[in-house]
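Engineer: Quick note, the sequences are listed as chains L and E, same order.
Numbering-wise, the numbering used here puts 195 at position 191 of the first sequence, and it's gapless, one number per residue.
Numbering-wise, the numbering used here puts 40 at position 36 of the second sequence, and it's gapless, one number per residue.
Any given hint could be a false lead.
Note that identical chains are pooled: a pair holds if it fits in a single copy or bridges any two copies.
Dumping the calculated SDA-like pairs for lysine to any residue here, alpha-carbon to alpha-carbon at most 20 Å [stated by the list, open to error]:
#	residue 1	residue 2
1	Lys49	Arg216
2	Lys102	Val46
3	Lys18	His128
4	Lys102	Met47
5	Lys194	Asp254
6	Lys194	Leu252
7	Lys18	Glu208
8	Lys102	Ile142
9	Lys102	Thr218
10	Lys49	Arg209
11	Lys194	Ser251
12	Lys75	Gln89
Calculated from the structure, these hints are not laboratory results.
Each chain, letter by letter, is given below.
2 protein chains.
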Amino acid sequence: MMTTRGTMAFDPNKIRLYVDHDLANGASVQLSRDQAHYLGTVMHKKAGDQVFLFNGHDGEWACDILHLDQKETVVRATHQSRPQQPAAPLTLMFAPLKHPAIDFLVQKATELGVTDLQPVLTDHTTTRRINSDHLGSIAMEAAEQCERLDIPTIHDPKDLMGLLSGDHAGSTIIYCDEGDNVPGMLTALKGLQSGPWVILVGPERGFSPTERATLRDQDNVMAVGLGPRILRADTAAVAALTMFQASLGDM
Amino acid sequence: MMTTRGTMAFDPNKIRLYVDHDLANGASVQLSRDQAHYLGTVMHKKAGDQVFLFNGHDGEWACDILHLDQKETVVRATHQSRPQQPAAPLTLMFAPLKHPAIDFLVQKATELGVTDLQPVLTDHTTTRRINSDHLGSIAMEAAEQCERLDIPTIHDPKDLMGLLSGDHAGSTIIYCDEGDNVPGMLTALKGLQSGPWVILVGPERGFSPTERATLRDQDNVMAVGLGPRILRADTAAVAALTMFQASLGDM
Chain L
5 MMTTRGTMAF DPNKIRLYVD HDLANGASVQ LSRDQAHYLG TVMHKKAGDQ
55 VFLFNGHDGE WACDILHLDQ KETVVRATHQ SRPQQPAAPL TLMFAPLKHP
105 AIDFLVQKAT ELGVTDLQPV LTDHTTTRRI NSDHLGSIAM EAAEQCERLD
155 IPTIHDPKDL MGLLSGDHAG STIIYCDEGD NVPGMLTALK GLQSGPWVIL
205 VGPERGFSPT ERATLRDQDN VMAVGLGPRI LRADTAAVAA LTMFQASLGD
255 M
Chain E
5 MMTTRGTMAF DPNKIRLYVD HDLANGASVQ LSRDQAHYLG TVMHKKAGDQ
55 VFLFNGHDGE WACDILHLDQ KETVVRATHQ SRPQQPAAPL TLMFAPLKHP
105 AIDFLVQKAT ELGVTDLQPV LTDHTTTRRI NSDHLGSIAM EAAEQCERLD
155 IPTIHDPKDL MGLLSGDHAG STIIYCDEGD NVPGMLTALK GLQSGPWVIL
205 VGPERGFSPT ERATLRDQDN VMAVGLGPRI LRADTAAVAA LTMFQASLGD
255 M
């Protein structure tokens, strides 16, 4: 792991866990069996050691381990180590991919700060289902490791055209285009400031001509290019998210 | 796969194969057994169909399949479809990682145009070996798919300190730093124009204090940050390569 110019010093021994409990001064939280196993067996922690919890809305809390065994592990919140900060909405819209590319994509998108992962069904989509539970656990683990204070939402797959006219009619959609004559992404993003934002990458075999024409017709869709090489869908997503965060977000 | 604003139109049916033969007008090339299997069994190609070959120095050649069966597959070069272009030297220096992160890193780095992959041994390196043959095949496949005309060289692992004073004493080393008070990478790269370039990312547990001090002491080393979240080593490599190519290279 790497860190960066943020306000946190990198501490490879710091353990952060996501919980579905309210967090406040003195709150006792019972951890799951998986978390107990991780703390005790994998990380060799014991009662009295410190662990950090976050739940997506109460910030991050330093907690003391009160009790740790295979049956029950309880920690108590001692102080808030970081306040919750509102996350700017950033959706990654992507066609479902095969393993391991989709796992990779969810992990990296979480590290790069997306708030919503929206699988889309397109004309050339070959994989139409996703395993939400599995991808959710990948997103949770990535959020725990990368110091963010929330977990991205993984939505059910929807048709691309329905999303354009429905849920995301008011978003600015950055469409990673497959054709010539589109500006590079860094250039295209210069000077733009209004969200909410969606980054859209296509399936392995690209968008259909109909889809491309429709996308280019929308006022809120901006076609951008990602360079001279042909990137895989998962690489394109990571590259686009990186450039977005470096230009408009927090990188 | 996605394409982009390059000069090539995206054709998902185009097959590109790397060969270790000279390529010229009318040259006959015998493909390997793996390539024959891929062409015939996976892609359902047959004699008379077209395939594209490249070898890292003669450009890309359109070829007709003369003969295709399990024992022997021969193609003949008909015309050069793209001339060879010199690749700007760009080395990714990285600590060996566990699977699947290292496979991913090699694949993505190839797509993002690195010419050299240099594993480095650092104080906190936990994995000290790499499987060069396996990583070479991943780089070759990524090069075939992403339309580049060469294949990155995968070097043997070396000690970080030796590389700094030896092979890369004359390079500008962009060091993805783990501390505070370093400029973001896009900012740091503005106005810089002289290579050869090295991008250096650390091992999972970061660089040691001694290594960090030494790195920051070198005149040719530039420390940069990659944003407020803690990125895994493989994510950091992809993000750094993306920003480099977008700023100074070809993205």
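Engineer: The structure should be examined with respect to each hint, and the outcome stated for every one.
Structural biologist: Outcome of the hint check:
1. Lys49 / Arg216: neither (53 Å within a copy, 29 Å between copies)
2. Lys102 / Val46: between (30 Å within a copy, 17 Å between copies)
3. Lys18 / His128: For Lys18 and His128, the Cα distance is within 20 Å only across copies (16 Å; inside one copy 43 Å).
4. Lys102 / Met47: Classified as between; 18 Å across copies, 32 Å inside a copy.
5. Lys194 / Asp254: both (15 Å within a copy, 17 Å between copies)
6. Lys194 / Leu252: both (8 Å within a copy, 17 Å between copies)
7. Lys18 / Glu208: Result: close only across copies, 13 Å inter versus 38 Å intra.
8. Lys102 / Ile142: For Lys102 and Ile142, both the intra-copy (15 Å) and inter-copy (17 Å) Cα distances are at most 20 Å.
9. Lys102 / Thr218: neither (26 Å within a copy, 43 Å between copies)
10. Lys49 / Arg209: Result: close only across copies, 18 Å inter versus 47 Å intra.
11. Lys194 / Ser251: both (7 Å within a copy, 13 Å between copies)
12. Lys75 / Gln89: neither (34 Å within a copy, 63 Å between copies)
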